[in-house]
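Novice: This is what each chain is made of:
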Amino acid sequence: AQSVAQPEDQVNVAEGNPLTVKCTYSVSGNPYLFWYVQYPNRGLQFLLKYITGDNLVKGSYGFEAEFNKSQTSFHLKKPSALVSDSALYFCAVREDNYGQNFVFGPGTRLSVLP
Amino acid sequence: DAGITQSPRHKVTETGTPVTLRCHQTENHRYMYWYRQDPGHGLRLIHYSYGVKDTDKGEVSDGYSVSRSKTEDFLLTLESATSSQTSVYFCAIKTPSSYEQYFGPGTRLTVT
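Note that the protein sequences, when read in sequence, are chains Y and P.
Going by my numbering, 64 is the number at position 64 of the first sequence; the sequence numbering is gapless.
Going by my numbering, 56 is the number at position 56 of the second sequence; the sequence numbering is gapless.
Since the hints were derived computationally from the structure, they do not count as laboratory data.
Hints are not guaranteed to be accurate.
Under the rule of at most 25 Å between Cα atoms (straight-line distance), these lysine-lysine pairs were calculated in the DSS-like manner [stated by the list, open to error]:
| id | chain 1 | residue 1 | chain 2 | residue 2 |
| --- | --- | --- | --- | --- |
| 1 | P | Lys-57 | P | Lys-94 |
| 2 | P | Lys-70 | P | Lys-11 |
| 3 | Y | Lys-49 | Y | Lys-77 |
| 4 | Y | Lys-58 | P | Lys-94 |
| 5 | Y | Lys-49 | P | Lys-94 |
Here the structure is a predicted model, which is why all the values come from computation and not from measurement.
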């Protein structure tokens, strides 16, 4: 069975500092990995994905994520945080040949302090 | 929100009453999904559809049914609402050419 863990409920970072939001996953086969962001009272917005190829993927709003197969991780990063990055972030995984089941992590609330 | 609308956006209902939530898409994509979002659980899949009249259960399907009689509409029904179904419900679609999902704005349902 697929699963996703986001070990931190909350991440606080000062504006201008680098940020990392952690995600680890478990699948039987090859993973498709995703990050989404949710602003208050909004739906989820797609940020980036890893399907295959280069382990470092770049996405929207200056975010990037690094796929690490040996550590089964897909951490979200940004070199310089903005106050407007404050939101709820979700990691999700889908096993490449496991139908349409996307499994989401519990979410990490990011607060960027001015 | 990728041409996805959900209705109603907010609803308060009483325990035991039936409730139907609607998801409408404008692009005729094949795959549509219903999730519920609860604190500490992220999003959990209720049901999904891979075509007209083709649906399958997700992780938390008990107490929910779905129907898809037209490509553009995916309905979620709570036959007899319970307080444990108080949640925010999101619809999503996946395009044939993408791996990721795109989400609607959500419906906040409160069962009293």
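Novice: Run every hint past the structure and note whether it holds.
Specialist: Cross-check of the supplied hints:
no., hint, verdict
1, P/Lys-57 / P/Lys-94, "17 Å, holds"
2, P/Lys-70 / P/Lys-11, "24 Å, holds"
3, Y/Lys-49 / Y/Lys-77, "13 Å, holds"
4, Y/Lys-58 / P/Lys-94, "21 Å, holds"
5, Y/Lys-49 / P/Lys-94, "14 Å, holds"
Every hint from the earlier list agrees with this structure, and none is contradicted.
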